[in-house]
Each structure stands twice: as structure tokens, then as C-alpha cells.
Amino acid sequence: MNTENILLDLIQYLFFIFSATAIVSYIILAIISVIETKAYMKKNSLVNYSEILASSNSPSISIIAPAYNESLNIIENVRSLLSNHYVNYDVIIVNDGSKDDSLEKLIKAYDLVKVDYLINPAIKTKPLRAGVFKSTNPAFGKLIIVDKENGGKADALNMGLNISPNKYVACIDVDCLLIEDALQKLIKPFLEATDYKVIAAGGVIRIANSCIIKDGKLLDVNLPKNLLVKGQILEYLRAFLLGRMAWSRLNGLLVISGAFGLFDKKIAMKVGGYDTKTVGEDMEIIVRMRKFMEEKNEKYKVAYIPDPLCWTEAPDNYKTFLSQRNRWTRGTIETLKKHRKIGLNPKYRSLGIISFPYWFIFERLAPIIEVIGIIYFMFLLVIKAIRWDYAIIFLVVAYLFTVTFSIVTIITEELTYHQYKKKGMGFELVKIAFLEPFICHPFILYAAIKGNFDYYFNKNIKWGVMTKKGMSN
Amino acid sequence: MEDFYHIIVNLFFNAPVFIKITVLLIIGFILAITVLIIYLKHIRRRLRNKERIQATYRKKYESELISYLYSGDGDGKINSEQQGIINYLKKCSHNPLKRKILVSTLLKLRNEISGEVADAIQNLYYQIGLENHAAKKLKNKKWNKIAKGILELTQFEIKEVHDEIILHINHPRGEVRKEVQMYLVKIFYFDGLEFLNVIEHYLSEWDQIQLIETLQKFENQQIPDINPWLKSTNDSVVLFAIKLAKIYNQSESKDILLGLLDHDNILVRVNTIDVLNNLYVTEAVPILKENFSKLSIEEQIAFFSMLENIHHNNDIKFIFENINNKNFEIKVSANNIMKALNIEKLNAVMIEAFESETSESSDFITIAS
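Residue numbers (the working numbering), protein chains in the order written: chain C, 1333 to 1805; chain S, 301 to 669.
Treat the hints loosely; a few may be bogus.
[Unchecked claim] Here are the simulated lysine-lysine pairs, BS3-like style, with alpha carbons at most 30 angstroms apart:
no., chain 1, residue 1, chain 2, residue 2
1, C, Lys1374, S, Lys350
2, C, Lys1375, S, Lys594
3, C, Lys1609, C, Lys1546
[What the hints assert, rightly or not] Computed spacing ranges between beta-carbons, pair by pair:
no., chain 1, residue 1, chain 2, residue 2, range
4, C, Ala1571, S, Ser371, 34 to 44 angstroms
5, S, Asn565, C, Gly1756, 51 to 61 angstroms
6, S, Asp463, C, Glu1760, 52 to 62 angstroms
7, S, Asn565, C, Ser1392, 41 to 51 angstroms
8, S, Leu331, C, Arg1681, 35 to 45 angstroms
9, S, Tyr388, C, Ala1730, 54 to 64 angstroms
10, S, Glu608, C, Lys1791, 43 to 53 angstroms
11, C, Ile1355, S, Lys408, 44 to 54 angstroms
12, C, Arg1672, S, Leu311, 43 to 53 angstroms
13, S, Lys408, C, Lys1755, 41 to 51 angstroms
14, S, Gln522, C, Asp1433, 28 to 38 angstroms
15, C, Pro1689, S, Glu362, 52 to 62 angstroms
16, C, Ile1349, S, Ile330, 46 to 56 angstroms
17, C, Glu1760, S, Glu500, 22 to 32 angstroms
Please keep in mind that the hints were generated in silico from the structure rather than gathered at the bench. For glycine and all other residues, C-beta sits at the position ideal for the given N, C-alpha and C.
Use the sequences and the hints to build the structure in full.
What follows is the structure in C-alpha cells.
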């Protein structure tokens, strides 16, 4: 055996080890998720959320929703946020320097007047533009509108943190649809903790495209016709039901979706709020809060619940989809790079030893390794060194594993929340399980590689275009 | 066909071990996918059927219950028609799914009506023997069965099982403990709080809110002596008692509350300041003012909230000294107090303050004046 062959074998073994480790870790995470979800369902079958719902003794929460050029749907979106069933909450809409008529529309619709407001200057943000507004109509007494100069989503959230008078803050995308009991479900882990502190909590985000929504309420769950959106539905289910639940059990969750998450305001402010220099601010703040707690050596948890609490609109065209995934990739790179000291550092316990290396290898490096694999395959093709029997058989195994995993996800969804009830939806989801590796994965891979390229060679790119059509039907 | 089969078999047996394993994996995956799809179809059908069965039985039981309620002779005795319905429902109650539907239907109906009819439903619950099924769950090994049993007994206000239920007050599972607590409070009102004397585990904030919510629904109830709980070695019991003191204005516990300002637990100290503020205990102000620099930031914030409510002229200089406090909440509180003060009074105090030090004017004072 010559050196060339040894090298080729070595490369192949490395690819094999990577793939096998990925598959084994997915299986382990899925098993933990299923166990944890089952335990959660058992535990919560007894809970009567209405008891805390109406309680004036329940802790106060601020919903912070940044808005930028949301004029089209801002009135309905705010109305939806104001219709939550929780008692002790207020809604802070941060108009982040919108160039459209969002503010004028809000002033008119909610009878707003400018008020004097002492703002905590703890986190530096862009200054106020038109100021702080409150409604003269008692029906909208929970609403606070802040108009400030444009500084991006993180900056707007920081303004919300500064302004919030409450102990807990729910950071949400203004165009998301919150289910009516989302706040009491998400506050529960904070209030249940006795010998540890919950610093943040998140729930399942579901895709609302084609669902029937009226007056800020989800009336009917449908599957969209668009294949890309269907693929994302399955992808979200997989990530939320068979991934994050396990990370929560292992206390290794590194991200709470920016679409909806609840935070302990004191800790969020102590760490300095959201980082305005990253496009992955939702992941970055969680990592920073965890790092802070680890360094303080305090017992804590980032909680996660499997209830579908928030419905959002997914991109229905490849341009927007690629832009979104590109941003997610850059956000992950930025966060992992910024906090690289945590990786493999025993001082940070499971965060440093398990979560961080996992994210680095299977989130940060995975697309790069996959592309190197494709290039290597091409190289073997050119030098006519491909063992077709091996190549085909491994491709089939990888494909079948993905399909199996997706079907297990669909079953988990059926056994827990059973949201896709209509006849034929089960078959549709199974069909997507077979198609999704072709309709989503190649584009996710492309966006990830482009994200890597943009991160290193195109520093000026920030959020990218994210056109949404709005969910109100 | 046979030749093709032989070729495949030969290919497999002549292939390297690695390929053999992978082929077996593929076969395994194909089988798994097939089984999973069949299972998915089965569970979707089962869930749909379950929903249909539930709706059918709910409707059926509702109609039986209404017949039962309206076929009575008005003398409180059970007639033959009613006995027939009881026998039928008793038979149904042996099936766990039907029992579950029956219980939820009874509960729904009982919550919708009141008076004699509600009592009749309660009586029917006994007649069918459903309380025995629920009570049996108390001896189950599974914690969730015990909790569900207690929940049902609470919903139907079955007092007879008190002694069996209280045995679970220190159950290792918080869910069971919570159900026990709710049972005691929902049925025995403030007397149910006896569990606070024996509870060994921590009462979570979630539990405390639900207990208070339940207690607040009862009017004209005698509030028991909270002092022993304020002295409890279980900090969560102390915190809960502080909440009770606040809600029910327990001024008579003032001395013990003042003593809690030196408690080891910071949360107890902060909550005590809050309740002393609420009860307008003026004696707390000089104590806290004297030790202000030794207090934690949370206590300092709580103290300034108190000062917004209770302050004397001799506190104004101290408040003024903190108008530029590093903490935003304290600064805002100090500012609010200054704003609320009469301008002449404020000027007098400021002159007094400026006499001893050449203090620089603050933005907050500018706003306040």
C-alpha cells in the first residue's frame, strides 16, 4: 500500500467517523427528547393554566417587539399581542427608525400621546426619535410605543430592556402570532424553579403559512402548497421536537429562538443586553448569559418547553430563504468565535465540554465538511478511484436515515400536540419527509457556505432582505 | 426471477463485511420506515376515532345526566328511572376511557350549574362509586396516577379522604405535593394551610401563587395565626406567610416581621421590606436607614420603594443624598419622592443639605423642580 492510498483511506475514514458520530448523536438527542417530552406531557396534564392566568399575584412581564417598516400589518400585530390572556403584562413596541408610516398609524389606531418617561440608561442604545407614547384609551393601557433612531433589532430590544419596568421580558418578532396562553406556559419554568435559577426559556415555533388567522387568533392549521414551506415545517419540527428538548434536558441549550423567548431581565441587563454587532443576537445573548452564570458559579437553567407557543411566517421563496439561512450561519460563526474560550474549557462544565464542541462540529463545521466531501468525491471521480458500491450504498443509508428521523418527528408531533389533524395531512408530511432532502437541504448547504464566505470576505453585509407577506387572513 | 435472486444473494455473500453491514442497515431502515408509516397511519386513525368516541359518549352521558336530574320526584329519593341510569353509568365506569369521559361530563355540568342540581350531581358521583375509583389511585405506585386521583377528589370536594391525602404532603414529586396542597386549601380553606407546619420541601413560587389565588376566592373566612409560619425553618413557608401578611393586612405580626429584616435569606428580607411598606410600619424606616450601606442592592431598592410611601422630614436629607445613586431604580424613587414634596419644604431641606457640602446639582432635581 503506497502513501497515496493510505492518505485516501485516512480521509475516507475521517468522513466516515464524522457521519457516524453525527448519526449517533442525532439518535441520542432524539431519544432524550422523546423521554423528556413524555415526562413534560405527563407533568403538565394536571396543570390548570387558568389559575395563574387571572392572578394579579403572577409576576409582571413585558413583551418587547421591535418593528422596522412594518406599516402593512403593525396595527393587527399589536392587537394580537394585546389580546394575550395573561394579566400582568405590558407590550413595548420599539419602532426602530422606520421610514414608513408605522408610527402615524399606531398613533391614530391606539390614541397615542407622547409622555415623559425616565429611561434606564444601563444599556447604550441609539437615541429616541419622536419619543415614548402611551394610549389615552384605557383599553390599550398595556401598550407603550417607543420611537427611536434606527439601530437594528438588537438595539431596539435593548431599548425595550431599558424601558421595561418588569422582572421578566418576552422578546418577540412583532409579526409573530403568540398563542393566548403562551406567557403563562413560558413563565411556569421560572416560577417552578426552587434550587436553581431559570435565566431564559423558549418554546416551539411553528410555521403559520396558509393557516387561518383572524383578529390575531389562530383558527385553523393548514399545510401550505409551497414545497419549500412544507420542507421548513418538517425542519422546524425536527429541530424543536427532537433537538432542543434534549439540549434543555442536558442543560446545554445555546439558543432560544429570536421569534419568541422569555428572559430574566436582571440577568439580561447585567450581561449588557443584546450584542448589536452580531446578526445572531438571539444565540449570542444566551451564550453570554450562560457564561455569566457559570462564572458566578450559580445553579441555573435555560428552559425549553415543547408546547407550540408562537406561529411565524416562513420564507416561501428561495431568495428570502437563502438570505435567512445565510444570516443564521453568520450569527452562529460570530457567537462561537466571540465566546471561543468556552469551548473544551472544563470551567464551563457541560456548556464548555458538550454544547460548545457539539455546536462547533455539527453546526459550524458540518456544511464545510459536507462541501469538502463533495469536492473529494469529484476528485475521486476525476482520478477514477470511486468505489461505486460503497458510494451508492452510503448515500442510500444517509438518505434513509434522514427519512426515518423525519417520520419519527412526525409521530412525536402526532403523539403530543397533534396539530395537523386534517385527513391527508399525515400522508403529505410523510411525502415531504422523502422530498425534503432535495428541496431544502441543498439550499441550506449553499446558504451556509455563502454565509461563511460573506462572514470572511463580505463584512458589510448585515441582516439581508426578509420580505414577509403578513399572516392576517 | 430465480436467477436474479441468486445473483443478488451471491453478490451479498461475496461482498466485503462493510458492505454487508451497510446493506443490512438499509434493509433495517426500509423496514423501520414501513413500520413507522403504518404506525403513523394507525395513531392518526386512533386519535380521530378517540375524538369521535369521546364526543359521542360525552353527548350520550350529558343526555343521561339531564334525564337523571329531571326525572327526580323532588323528595330527594332516587326513583326507579334514576336507579336505572345509575346502574348504567356504574357499568360504564368500569371502562377507564368511559370513566374519564363520565367524570369530565359530570364536572362540566356541575361547574355550569349551582344549588340543588349541583348537589344532585355530587350525589350521583357518589352513587356511581366514582370516588372509590379516584381514591384507589391514591395507593398507586405511579406518581401521576396519585396526582390525578387527588385532582379528581378535589374537583368533587370529597372530604372523607383527607387523612389518606395528607399522607402525600411530603411526596418526592412536586406535582403530587401541589395537588395535596390544592386539595387541602380548596376544601378546607384556611384550615387547609395546616400543611405548612409539616411541609419539608420548598414551596415554589408557582405553588404559592396558586394557593393564594385559591384562598382569595373565599370570603368571610377567619385567617389563622400566621406567626408560627413566619418563624418557620422552611424559607418558602416564611415567604408564603409574608405574602399572606401583605394580602390580609396582618399588622399584628409587625414585630415578627421587623425581626425578619435580619433573616439569612435575602429574598425573605426583600419581601419583608415590601410587606412592612404595605402595612405602613414606620418603625422599619430608621432601622433600614441606619443599615442602608450594609443592605444588598435588592433591599436598598425595596427600601426606597418604602420611602416613596413612608418618609418623614428627617429622611429627606438621606433621600437627597441618594438622588445620584448609581442604581437606576433608587435614583427614580429618590426623584419621585422629591417631585412629590412641597417645593418650599424641598427648598428648606436643600438649603440644609447645601450648608454642609457643596453638592453639584443633579439632572433629576432639575426635572423635579
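Original post:
Taking each numbered hint in turn, which are not upheld by the structure, reported in ascending numerical order?
Top reply: 2, 3, 4, 7, 13, 14, 16, 17
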